[in-house]
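Participant: Can you make the complete structure from the sequences, with help from the hints?
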Amino acid sequence: MSTTKNNIFQPSTPPLGAGGPQFPADTLDLVHQIIKRYPEGKQKSALLPILHLAQAEWRWVSPEVMDYVASLLNIKPIEVYEVATFYTMFHLEPVGEHVIEYCRTGPCCVMGGVDVYSHIKNKLGINTGETTADGKFTLKQVECLAACGWGPVFAIREKFYMNLTNEKVDEIIEGLSK
Amino acid sequence: MKILTEHILVPGIETIDVFKQKGGYQAVEKALKKMTPDEVTDEVKKSGIRGRGGAGFPMGMKWSFLAKPEGVPRYLVCNADESEPGTFKDHYLMWKSPHTLIEGMIVSSYALGANTSYIYVRGELMYVIHILEKAIQEAYAKGYLGKNIMGSGYDLDLFVQPGGGAYICGEETALLESLEGKRGNPRNKPPFPAVKGLWQCPTVVNNVETISAVSWIINNGGEEYAKIGIGKSTGTKLISSSGQLNKPGVYEIPMGITVEDFIFADEWCGGMKSGYKLKACVAGGSSVPILPAELLLTTAAGEKRLMTYESLSDGGFATGTMMGSGGFIVMDQTTCIVQNTLTFAKFYHHESCGQCSPCREGTGWMDKVIHRIEHGKGNANDVDLLLDVAKKIEGNTICPLGDAAAWPVAAAIRHFRDEFEWHIQQPEKATQPGAVFMRAGASWSN
Ligand SMILES: Cc1cc2nc3c(=O)[nH]c(=O)nc-3n(C[C@H](O)[C@H](O)[C@H](O)COP(=O)(O)O)c2cc1C
Ligand code: SF4
Ligand code: FES
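Going line by line, the protein sequences match chains A and B. The opening residue of the first sequence carries number 0 in numbering that gives the first Met the number 0; numbering runs sequentially from there. The opening residue of the second sequence carries number 0 in numbering that gives the first Met the number 0; numbering runs sequentially from there.
There is no bait here: all hints are sound.
Think about it this way: if two alpha-carbon atoms lie no more than 25 Å apart in a straight line, the pair counts; the simulated SDA-like pairs of lysine to any residue are:
| id | chain 1 | residue 1 | chain 2 | residue 2 |
| --- | --- | --- | --- | --- |
| 1 | B | 146 | A | 36 |
| 2 | B | 195 | A | 40 |
| 3 | B | 246 | A | 111 |
| 4 | B | 303 | B | 266 |
| 5 | A | 41 | B | 71 |
| 6 | A | 43 | B | 195 |
| 7 | B | 133 | A | 24 |
| 8 | B | 95 | B | 9 |
| 9 | B | 133 | B | 156 |
| 10 | A | 158 | B | 130 |
| 11 | A | 120 | A | 91 |
| 12 | B | 146 | A | 28 |
| 13 | A | 167 | B | 126 |
| 14 | B | 195 | B | 50 |
| 15 | B | 226 | B | 303 |
| 16 | B | 276 | B | 263 |
| 17 | A | 139 | A | 98 |
| 18 | B | 181 | A | 55 |
| 19 | B | 390 | B | 338 |
| 20 | A | 35 | B | 70 |
| 21 | B | 44 | B | 223 |
| 22 | B | 95 | A | 155 |
| 23 | A | 158 | B | 14 |
| 24 | A | 167 | B | 272 |
| 25 | A | 43 | B | 179 |
| 26 | B | 67 | A | 36 |
| 27 | A | 41 | B | 153 |
| 28 | B | 391 | B | 357 |
| 29 | A | 158 | B | 133 |
| 30 | B | 188 | B | 69 |
| 31 | A | 35 | B | 114 |
| 32 | B | 141 | B | 17 |
In case anyone wonders, no lab produced these hints; they're calculated from the structure. These figures come from a predicted structure and were not determined experimentally.
Facilitator: Below, the structure written as structure tokens:
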């Protein structure tokens, strides 16, 4: 697989819809429920939960999506931008279908992470921060995922893959490539 | 003696029915029906339990600082941000037995007079958030949450809040900022959260493990809890162990076992994997000083080191370390201390919120300097430069992340200076793949 920087994936990115992004009705219901978790007037607290919903919907959070989130919470767009840029989980650029986030911190390295992670790069033919040419995988390195004793570890969306070996990595990647 | 994890491997323990069969929710019944909030707080005080999030502050004392102005809501916020490298105990507990935390949240919220409480979980653990939310729904359905719980007249709503991937949000005031939907910048203290916390209301922030222990304390009494452990280290502690151990994982230990037993006894980590020798250990999460094997197992005074707050810190930073969050990272003879310290330096550099110049700039410097040493490009005075930068960060920042970044670097140099110097003096050897310095006559060498 040849390598590319993240910029050609608009075609595979779920479409925002005409007239800008809009959550499906059931997600909108959830948004309104989440806002009710906080006292009157403190709806800004719903920002992180809703950014997670947005990323699940559109895979990354574009400026249009952030503006939409601001409108849902009745806050200024800048209040969303400054938060989305602070927290590392939010992708501010298009990403591949599966974002592999591997833990690069000390304990995982002591657990054998260094070899496993270079195997992932070889297997995908990309470096950290890149996306495969078919748009299937993006590789990101992250800090400790609170799974150190079960390391090496990576997460893909909500799923944790632990006690990784080269063989397990092959299986996981081949499974997701189908 | 197990308090938090006794039933953790029982199939179905994540469901409220199985959890109740194993004695779950008795503490809620007892506290709400038979005890006043102050009586609950008194038991917690008697237990002597100290905060398990890292700082070890007595829980009962923290609760007693909570301001109670008339007509102002109070909040309990559980810190489940768990991001300190080496620490994964809260993850384990919430994943396997979510009701343990929820029961503790209900009893603790009752004691504090909070009618709305939040569990702030790091966002990467979204699957654990779903587990908790499902368990919370079960607790509502059984009448342990909501209005007029079990006819007691006490109301409580409990919500889970996801983080967004930022270690600094484990710091309690950054966590509160984050819960308000902002960047996780720590606040200046005072005012402390007990007076002005979430939305400027009085707030208690406690760790998952601390809150989870409250149910047992209520069921059995604070005095019973205090009988476990030694001195001011009462109760049990969850230790997250990682490294080339036979059985890395989360263990609930009675405080006071020896460090040696924890590593080598079959009951706990079961010793080093064949071919690996104990070289060093970071005993309480990445922020605490690293110790070489000999000082880890035995204090400078020649006594066996114990798994207690006091024994781990015996000798101060010169020859001791800290309990911290209980993240027990074991390093073997194939671990390069410089490389490991570099991963920590990168971590703190990445995680600094950037508000204070000594932390923002200092963590960047340390990362850069260790990076060049590790890659064979170090200068003769780099080691002293690192010590100088570490010293300038320490004590000069808004929150303790600055200290947490400085200590591991200073300690690695304190105990492994020769390893840093070897990288500088023999760069061609040190940059060979897998090359690790061997100290002549070192106890970890073959
Ligand atoms: C940089 C930093 C990160 C922290 N991370 C955590 C964490 O992930 N979990 C936690 O419980 N406490 C963490 N703490 C400690 C909290 O500030 C706070 O002391 C703790 O949550 C209080 O709970 P406890 O008294 O029950 O330990 C952190 C502190 C600092 C300075
Ligand atoms: S010490 Fe570092 S993390 Fe803490 S407030 Fe200052 S810059 Fe932010
Ligand atoms: S260091 Fe990788 S999960 Fe903690």
